[in-house]
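Enquirer: As a plain string of letters, each chain reads:
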Amino acid sequence: MKTAVVLLPGLNRDRDMIAALTTITGQVPETVWQTETVIPKVDLVVVPGGFSFGDYLRCGAIAARSPVMRAVAEAAAKGVPVLGVCNGFQILCEAGLLPGALMRNAALRFVCREVKLKVANATTRFSSAYAQGQVIRCPVAHHEGNYFADDATLKTLQDGERIVFRYAEGTNPNGAIDDIAGIVNAAGTVLGMMPHPENLIEPEHGGTDGRGIFESVLGISASLAA
Amino acid sequence: MIKARIIVTLKTGVLDPQGKAIESALGNLGIDGVGSVRQGKVFDVEIEGEDAAGAKATLDAMCEQLLANTVIENYAVEIDNR
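Respectively, the protein sequence lines represent chains A and B. For the record, in the first sequence the residue sitting at position 55 is 55 according to the numbering used here, with numbers rising by one throughout. For the record, in the second sequence the residue sitting at position 21 is 247 according to the numbering used here, with numbers rising by one throughout.
Isolated chain B, as found in the complex (with noise of 0.2 Å):
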């Protein structure tokens, strides 16, 4: 079984009004110093067998059909290789 972690993030440039309310939570808070906060999703995927370089593509094809919408959205994949 491999595990991997896929991070999906807004691209730069694009407004995160949910970031930004956080932002000013944190500040209600009284958490100071905070420059910028950016609100982005995480995944963990298993895939079956142990074939890491098929994995890769596979998560990437998920990403790219699926979870990340790459016109609003960068995406990372992170394969755990323990």
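So that you can see chain A by itself, here it is in the shape it has in the complex (with noise of 0.2 Å):
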């Protein structure tokens, strides 16, 4: 089960990536840096969190123009599955792989807390471990994780059944329309979401909740990880 973690300059939380990948896989992640022009064969991409080139002009908008990230939206094409978290999902917002923006949290402070998710479509590649309508819980730490799509496109991730995940129990945290906290695109192989389910994944983090979506999408059942 090989895994690809990009590496761009201002991004903080590759290393606990790499650590859940490790731990979930058995093996350590290939790292691709933002000059690199090729991905290696591997059955994940991870865009991971943090604040790449500082969030100069907006959130993830440098990042998305590098280089490796057309090397990204290239693997995408061809239904490499591709996760990104936190300011992976607004790079790929940026980038253009996923459809609306992230935005200022409507508070317009930054969040740190846990959150409760909804499981609102368990049928894609990367929930399918996980019960439709189940609620878990995930840790949150953005400043602009406000997701926002004008009513066309909104319209277009409902009727799709492309919004993954949902802030739940009155947790939504930033205001996001809709309470979407993770959407995919069209073709179900590109996963975006603000929440960290990898700082959810052994029992000393306080729980395993967030293990789920690394499971579904490398095809691991949670019997054999555990």
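Don't read these hints as lab results, they were simulated from the structure. Treat the hints with care, as some may be off.
[Stated by the list, open to error] With the C-beta cut set under 7 Å, the calculated list includes, among others, these residues of chain A facing chain B:
no., residue
1, R58
2, A101
3, R104
4, A106
5, L108
Ideal placement from N, C-alpha and C gives every residue a C-beta, glycine not left out.
Both chains are sitting in their own frames, so use the hints and assemble them into the complex.
Expert: In structure tokens, the structure reads:
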């Protein structure tokens, strides 16, 4: 089970993501630096969180135009699963791999806390380890997680069942439209989400609710991984 | 050298929490009568050469591809004709 993690200057959740992928797959992920133009042959590409390029211009805007993101787009076009978490989600939106945009949190404050996520679609390749409607715990840490899409785009996401995770039980931390925490592209091969599942994958984290995303997309059954 | 100014603003209907915070701060200062504030960005750009039409095309391209996120933002390009 091979994975790759994209590295960009200013990211700071890359080590957490590498640790999580190593724990879950038993193999250290390959890392791909911003200037590289080819993604190695892997089963999952992850764009982790942080503050790429200092979030200059707009969060994720500079990173989205870097050479490595062109390579990620090419891999995604071939059907390689791509996961973007937090700044990774912002980068995927800026790169046009996912629709919409992430804006400043409605309350203007950086939020670093645990939220509840409802699995709005358990049939995607990133969520099949969960039950439809299941509510999971997940940490968030961001300043610009306020998902926005125009009415037509939102309807497309809703009608296509492309909203995978919604903030549940009144825990929407950022004002995101329709409580959107994570969406997939039309092909179902690219997931972007603001919460950090990589930080809730072993009992020492206080829970393992985040594991399901990695187990789903990598085809690892929970019993084998335990 | 052609000098241009690009103004990027949030589209109508897109929530602007920063503009709202500025409105509230203006109220705190006792500056009354403020209907609303929307925050935007300004870029001053110099384009080499004297080809105004070519410069306009270049400036539009940089707005579309980088300076504005057209999902949420509009942009306007002003070329200094002096």
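Enquirer: Any hints this thing doesn't respect? Which numbers, in order?
Expert: none
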